[in-house]
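Trainee: Below are the chains, spelled out letter by letter.
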Amino acid sequence: MGLIKTVGLTKTYNGTNAVDGIDLSIKEGVCTALLGPNGAGKTTTLNMLTGLINATSGTISFDDRYMGDRRKYIGYLPQYPKFYGWMTGEEYIIFSGQLAGLTKKEALSRSDELLSLVGLSEDKKKRVSGYSGGMKQRLGIAQSLIHSPKLLILDEPVSALDPIGRREVLELMKTLKEKTSILFSTHVLHDAEEICEEIFIIKKGKLIIEGDLVELQRKYQKPTIYLNTEEPIEDWSTTIKQKEWLRHMDVKKNKITVTVEDMDMAREALLTDESLRKLKINSFEVAKTTLEDLFMEVTGK
Amino acid sequence: MEEILNELQSVRWDLLAPIAIVSFVLMIVAMVDCFKHGKTNGPQWVWILVIVFVNLIGPILYFIFGRRSE
Amino acid sequence: MKQWTILFKKEFKESLRNFKWVWIPLVFILLGITQPVTSYYLPEILKNFGGMPEGVIMEFPMPTAPQVLAETLGQFNQIGILVLVLAFMGVVAGERNSGTNIMVLVKPVSYTAYMLSKWAHMTLLAFVSYLSGFLIALYYTYQLIGSVPASDVVSGFVVYTLWLLFVTTIVLLFSTIFKSTAAVAALTLGLSIILSLLSSITPELMQWSPGMLASHSYYLFQTGEANDGLWLSVVSTVLLVVAMLSISVYIFKKKEVATHTS
Numbered sequence: 001m002g003l004i005k006t007v008g009l010t011k012t013y014n015g016t017n018a019v020d021g022i023d024l025s026i027k028e029g030v031c032t033a034l035l036g037p038n039g040a041g042k043t044t045t046l047n048m049l050t051g052l053i054n055a056t057s058g059t060i061s062f063d064d065r066y067m068g069d070r071r072k073y074i075g076y077l078p079q080y081p082k083f084y085g086w087m088t089g090e091e092y093i094i095f096s097g098q099l100a101g102l103t104k105k106e107a108l109s110r111s112d113e114l115l116s117l118v119g120l121s122e123d124k125k126k127r128v129s130g131y132s133g134g135m136k137q138r139l140g141i142a143q144s145l146i147h148s149p150k151l152l153i154l155d156e157p158v159s160a161l162d163p164i165g166r167r168e169v170l171e172l173m174k175t176l177k178e179k180t181s182i183l184f185s186t187h188v189l190h191d192a193e194e195i196c197e198e199i200f201i202i203k204k205g206k207l208i209i210e211g212d213l214v215e216l217q218r219k220y221q222k223p224t225i226y227l228n229t230e231e232p233i234e235d236w237s238t239t240i241k242q243k244e245w246l247r248h249m250d251v252k253k254n255k256i257t258v259t260v261e262d263m264d265m266a267r268e269a270l271l272t273d274e275s276l277r278k279l280k281i282n283s284f285e286v287a288k289t290t291l292e293d294l295f296m297e298v299t300g301k
Numbered sequence: 001m002e003e004i005l006n007e008l009q010s011v012r013w014d015l016l017a018p019i020a021i022v023s024f025v026l027m028i029v030a031m032v033d034c035f036k037h038g039k040t041n042g043p044q045w046v047w048i049l050v051i052v053f054v055n056l057i058g059p060i061l062y063f064i065f066g067r068r069s070e
Numbered sequence: 001m002k003q004w005t006i007l008f009k010k011e012f013k014e015s016l017r018n019f020k021w022v023w024i025p026l027v028f029i030l031l032g033i034t035q036p037v038t039s040y041y042l043p044e045i046l047k048n049f050g051g052m053p054e055g056v057i058m059e060f061p062m063p064t065a066p067q068v069l070a071e072t073l074g075q076f077n078q079i080g081i082l083v084l085v086l087a088f089m090g091v092v093a094g095e096r097n098s099g100t101n102i103m104v105l106v107k108p109v110s111y112t113a114y115m116l117s118k119w120a121h122m123t124l125l126a127f128v129s130y131l132s133g134f135l136i137a138l139y140y141t142y143q144l145i146g147s148v149p150a151s152d153v154v155s156g157f158v159v160y161t162l163w164l165l166f167v168t169t170i171v172l173l174f175s176t177i178f179k180s181t182a183a184v185a186a187l188t189l190g191l192s193i194i195l196s197l198l199s200s201i202t203p204e205l206m207q208w209s210p211g212m213l214a215s216h217s218y219y220l221f222q223t224g225e226a227n228d229g230l231w232l233s234v235v236s237t238v239l240l241v242v243a244m245l246s247i248s249v250y251i252f253k254k255k256e257v258a259t260h261t262s
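Chains as they are written, first to last, in UniProt numbering: chain A, 1 to 301; chain B, 1 to 70; chain C, 1 to 262.
Simulated from the structure, these hints should not be mistaken for laboratory data.
Given the structure is predicted, the values throughout are model-derived calculations rather than measurements.
Where is the CB? At the ideal position from N, CA and C, for every residue including glycine.
Some chain C residues near chain A, calculated using beta-carbon distances under 7 Å:
hint	residue
1	Ile-6
2	Thr-100
3	Ile-102
4	Val-106
5	Pro-108
6	Glu-256
7	Val-257
8	Ala-258
Looking at chain A on its own, in the form it has when it is part of the complex (with noise of 0.2 Å):
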């Protein structure tokens, strides 16, 4: 059973879906991914999730075991989270705490706890207003745990900050994710195979592909030829469709890419292959596709 579950959840904004049935299954314990580039629908499915806006049609539904309003059981840090700038980091975090049920005192210590967490203990009694931005996103991450929620929902944790800010907030939710299950949105499949476990990639409100990383990794490794030739390589490449290890090929000119089942029969064939030599051959390399490509494929253009 999902910790969160949606069944064909889909948000319309003037007759075009933003988000067009999605299907998602958020698992306990886990650390996973929304990815997709800009405008592929991830604000907006996350917010359906937090209940901020109403899905057009689908369903949203929370683990049975947490009864009540979901709410009181997901903690939130929204891409850019705004602040009132009047209150002091620890007032913002008490009041956050406050408002999630706990009581002053409750709130009171479960700030000071957090607040060393994220590294604002020596800033909380200064105006948010005076914050830079990576503090302000270490702040926002800080009320999103006030309520120990189940599920932690960042959107964009990282991408508006610098290197520094970055790695910082990273190896942060590498220490969150070992106490509560993490979903973020991110553009960067770095960011993503960096701490999830789980990864969903959308794309105009889509999903494309779901599932364990390791194995979408293993899956999409293919063993892969590179070859460069002296002449042209075209009319020779037709001597190898037929072979059984082929498995892909994509020729330009002097240049020929070979995706293949079986490596050491592939590398094999062509190595002793007499036409082949014929044409002179310049380069041949072995190397693997990646995750990588195929996010670049999916998401490109």
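On the provided structure of chain A, position chains B and C as indicated by the hints.
Mentor: Just chains B and C now, kept in the frame of chain A:
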């Protein structure tokens, strides 16, 4: 001359003074906020001038239009 | 209820920090002082500096105490309401536009509590400002001109309070509907002016109107008695306030918190 003096004495200064006091307090509060808060619509020094020199309504104009919220 | 208190405290603290709790009451206090003072000294000032042609004898009768109180409410009705509307036009729209409401409403917070806390705070601030201005005006009127029976003062005061309540509720409603704070201010002021004008032009048709409340309270100051139709406009105002509050909450719930960006 004597008449005017008499009339000036009959004016209830104890009742008029609070007007000056209240507008002075308003001015001080607006000044303090303008400096401390620091975010204004338009240049800050213009608002300082408005607060100090536009009698009575200067501070109010500042709070309504000059102060940029956070 | 607990959340309501937290949200209310937040509103209160915010208005303390941006000095709304200082300057708005001070504006009403200033109005409460200046009106009786002007009413008292105006005849004299006109007599001395009016530049009346020689030989013209004009009598400027000293206004009565109830008149001065009514004139003070007249000041509150113009400048006071202008100030309140401008100060609170962003009560809901402001947080929507800046996005500060997102992290609040993503918590298990009742939308109704969120709206009611804003309304209650705004109304309280308006009431305290009005009360302090009125008390000062009462003191000055007593010192300079004379007294008005306490019961008349209280009943007139209460009736006018309802009109203020009506205005702050319109601000809440419009601030929920419209994004532009300028539109909120313009429409609230426009509507309250129209209601007041219609009530003075065609009182017979406007018996139900909240716009009648101000003149009812003037009448109470002067006669101590309820004018015809007082109860009708009191009841309709209360009903309108409840209706507008419910509509505001309903619209707020219906409107989505997060706005579509692309």
